[in-house]
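Student: Letter by letter, the chains look like this.
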Amino acid sequence: MSTIIELAGVRKTYRSGSVEFEALRGIDTSVRAGEYVAVIGPSGSGKSTLMNLLGCLDVPTEGCYVLAGDDTSSLDEAALAAIRNRRIGFVFQQFHLLASMTALRNVELPLVYAGVSRAERRDRAAAALAKVGLADRLDHRPGELSGGQQQRVAVARALVTEPALLLADEPTGNLDSRSTHDVLGLFDELHAAGRTIVLITHEPDVAARAERNLVIDDGLITEDRLTTGVGPR
Amino acid sequence: MSWWETVRSGLAAIRSHRLRSSLTVLGIVIGISSVILTVGLGQGAQKEVEDQIDALGSNLLIVSPGSTTDSSGVRGGFGSASTLTFADATAIADPDVVPDAAAVAPTTSSSVSLVNGDTNWTTSLVGTTTAWLDVRSRELSAGRFYTAEEAAQGAPVVVVGADTASELFGRRSPVGQQVTVDGTRLTVIGVLTSSGASSSGTSEDDLGVVPVGTASRLTGSTADTVSTIYVEAASEDALAAAYQEVQALLANRHGVTSADADFSIATQDSLVETANETNRTFTVLLGGVAGISLLVGGIGVMNIMLVSVTERIREIGLRKALGAAPRVIRRQFLVEASLLGLTGGVVGVLVGVLGAQVLPHFIDQTVAISALATTAALATALALGVGFGVYPASRAARLTPIDALRSE
Numbered sequence: 023m024s025t026i027i028e029l030a031g032v033r034k035t036y037r038s039g040s041v042e043f044e045a046l047r048g049i050d051t052s053v054r055a056g057e058y059v060a061v062i063g064p065s066g067s068g069k070s071t072l073m074n075l076l077g078c079l080d081v082p083t084e085g086c087y088v089l090a091g092d093d094t095s096s097l098d099e100a101a102l103a104a105i106r107n108r109r110i111g112f113v114f115q116q117f118h119l120l121a122s123m124t125a126l127r128n129v130e131l132p133l134v135y136a137g138v139s140r141a142e143r144r145d146r147a148a149a150a151l152a153k154v155g156l157a158d159r160l161d162h163r164p165g166e167l168s169g170g171q172q173q174r175v176a177v178a179r180a181l182v183t184e185p186a187l188l189l190a191d192e193p194t195g196n197l198d199s200r201s202t203h204d205v206l207g208l209f210d211e212l213h214a215a216g217r218t219i220v221l222i223t224h225e226p227d228v229a230a231r232a233e234r235n236l237v238i239d240d241g242l243i244t245e246d247r248l249t250t251g252v253g254p255r
Numbered sequence: 371m372s373w374w375e376t377v378r379s380g381l382a383a384i385r386s387h388r389l390r391s392s393l394t395v396l397g398i399v400i401g402i403s404s405v406i407l408t409v410g411l412g413q414g415a416q417k418e419v420e421d422q423i424d425a426l427g428s429n430l431l432i433v434s435p436g437s438t439t440d441s442s443g444v445r446g447g448f449g450s451a452s453t454l455t456f457a458d459a460t461a462i463a464d465p466d467v468v469p470d471a472a473a474v475a476p477t478t479s480s481s482v483s484l485v486n487g488d489t490n491w492t493t494s495l496v497g498t499t500t501a502w503l504d505v506r507s508r509e510l511s512a513g514r515f516y517t518a519e520e521a522a523q524g525a526p527v528v529v530v531g532a533d534t535a536s537e538l539f540g541r542r543s544p545v546g547q548q549v550t551v552d553g554t555r556l557t558v559i560g561v562l563t564s565s566g567a568s569s570s571g572t573s574e575d576d577l578g579v580v581p582v583g584t585a586s587r588l589t590g591s592t593a594d595t596v597s598t599i600y601v602e603a604a605s606e607d608a609l610a611a612a613y614q615e616v617q618a619l620l621a622n623r624h625g626v627t628s629a630d631a632d633f634s635i636a637t638q639d640s641l642v643e644t645a646n647e648t649n650r651t652f653t654v655l656l657g658g659v660a661g662i663s664l665l666v667g668g669i670g671v672m673n674i675m676l677v678s679v680t681e682r683i684r685e686i687g688l689r690k691a692l693g694a695a696p697r698v699i700r701r702q703f704l705v706e707a708s709l710l711g712l713t714g715g716v717v718g719v720l721v722g723v724l725g726a727q728v729l730p731h732f733i734d735q736t737v738a739i740s741a742l743a744t745t746a747a748l749a750t751a752l753a754l755g756v757g758f759g760v761y762p763a764s765r766a767a768r769l770t771p772i773d774a775l776r777s778e
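Chains A and B are the protein sequences, given in the same order. Just so you know, my numbering puts the end of the first sequence at 255, numbered straight through with nothing missing. Just so you know, my numbering puts the end of the second sequence at 778, numbered straight through with nothing missing.
Hint data in this document are derived by calculation from the structure and do not stem from the laboratory. Possibly wrong hints are sitting among the right ones.
[To be verified] Each pair of labels, with its calculated beta carbon distance range:
{"no.": "1", "chain 1": "B", "residue 1": "392", "chain 2": "A", "residue 2": "149", "range": "33 to 41 Å"}
{"no.": "2", "chain 1": "B", "residue 1": "777", "chain 2": "A", "residue 2": "145", "range": "58 to 66 Å"}
{"no.": "3", "chain 1": "A", "residue 1": "104", "chain 2": "B", "residue 2": "760", "range": "21 to 29 Å"}
{"no.": "4", "chain 1": "B", "residue 1": "768", "chain 2": "A", "residue 2": "149", "range": "34 to 42 Å"}
{"no.": "5", "chain 1": "B", "residue 1": "647", "chain 2": "A", "residue 2": "121", "range": "29 to 37 Å"}
{"no.": "6", "chain 1": "B", "residue 1": "390", "chain 2": "A", "residue 2": "47", "range": "44 to 52 Å"}
{"no.": "7", "chain 1": "B", "residue 1": "389", "chain 2": "A", "residue 2": "54", "range": "20 to 28 Å"}
C-beta: ideal position from N, C-alpha, C; glycine also.
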């Protein structure tokens, strides 16, 4: 299988005045297409920094990150925006849906920046919403949807561009247990359908749903293990 | 993301903050409409003055006496002295001395009360020669002007202005009627066509014109002085030459140099120039104040856009995460600011044009709307939106997606 993520000697140093803080101290790992990986670690371990780098929201201070064949280390902000648009689908803890837009318009948004025509956008967004089980909620605004439904809209938005990588940052952090079950079930389905998923979490039982766990602590990967898997495979 | 797409999302953002957007737009509206109105008022006043001076007659030189200086050194204004005489006028009329003068009309002026039965009306009595009618470019709407013979005799006849006629005779025809001045009977032989203009409060349509001899008899004045000599140049091109000739002649006759002349000569151009200069000063002054209010409106747009950037920081972060390049974000905020500016401009022009229609009914002043000023105002409004949108837009574009997403 082809490699989606390739990290080699990745370091990230934050500077605040004269104080330097090394959030990542040399990460080497790779993720193959179709893998379902959970990155776990306590807060301050560097997992959020890793998530930002994987999502091309930030660039490493040192080292090399190849995403689906593209080396991202030397790209400028506009090129990174294009990579995010085409290669990555984001699911955030706070959903980050635009309150003034309907579910359909929210899902269309990445396609707007990809320059897709309006008719095609509509069809693809409706199809993505149907895939997450919200075919009857196209014209609802985020305020009219439950937390679980909102997160499913966000998953639809992440999938609508057919990205190489689905990147979820604490996707269940703001959800009750039923909605958590709901969204994780959706991830299992997507995994079964062959999606590459990287999920960042600090909850062990969420991480246990993935097939592979990367444990990160103090800026280094301390453990890389395959789980037995509790969810349906 | 296409431009049309950007405009649509800008409109949506503006609509979602209706009150705030309309208050922002209001600043621009006030600025634009006041610029249009002040420039319109200035141009209207200028046009009015030009019309009035045109009505004086073209190719006209107006010779007035100079100022007096009394024993204590107090200097009177122009016309306060009595330095011009009928002899001066006769000298100007000599074609050998002033070849570029076509006609000369010396006039005396005094205020008298005309009485018709039990109606009376105080007006200015102009004593002049038969040349007056041509020199002042006036026409008669009824009757005739007095003849050279009547002028020479000082015949008891009077030609009245249109307003004077209606004050004294109402709708009746004045021609052939009698009026008395201090008991002396005058026959009204003609009525002047209305000139439609008034200069500095004295109407050109409220006067009585009589032969010089008649005027001096009525007012009991025996002096040889005149209040104004109107000189008509042979043509517009000859105006400058006629000016020089009249000035040289009068300076010579009065034994003065042009520096201490006891008379002054005004041309139509110099009157227009003086009046326009005054108008221009006011227009620039008012336009400046209006311009400042426009600037304040622009700052309002910037202020609201900065607030909007701060408020929508998470939205900006999300849009960037979903693939919006900095350029696209910058464009979105620029378009939004421009839309605010343009909306303000269009509404401001509408208010300005409407004001130009309504205002003349409340103040006695015409407002001329110029296409140039209107276009310039619209362009300024758009430029204000763009100009004051640049800073907020580049601030939005510079935000890093992580910081923008994390902010609460």
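Student: Which earlier hints turn out false for this structure, listed by number in ascending order?
Tutor: Hints 2, 5 and 7 are the ones this structure does not satisfy, whereas the remaining hints hold.
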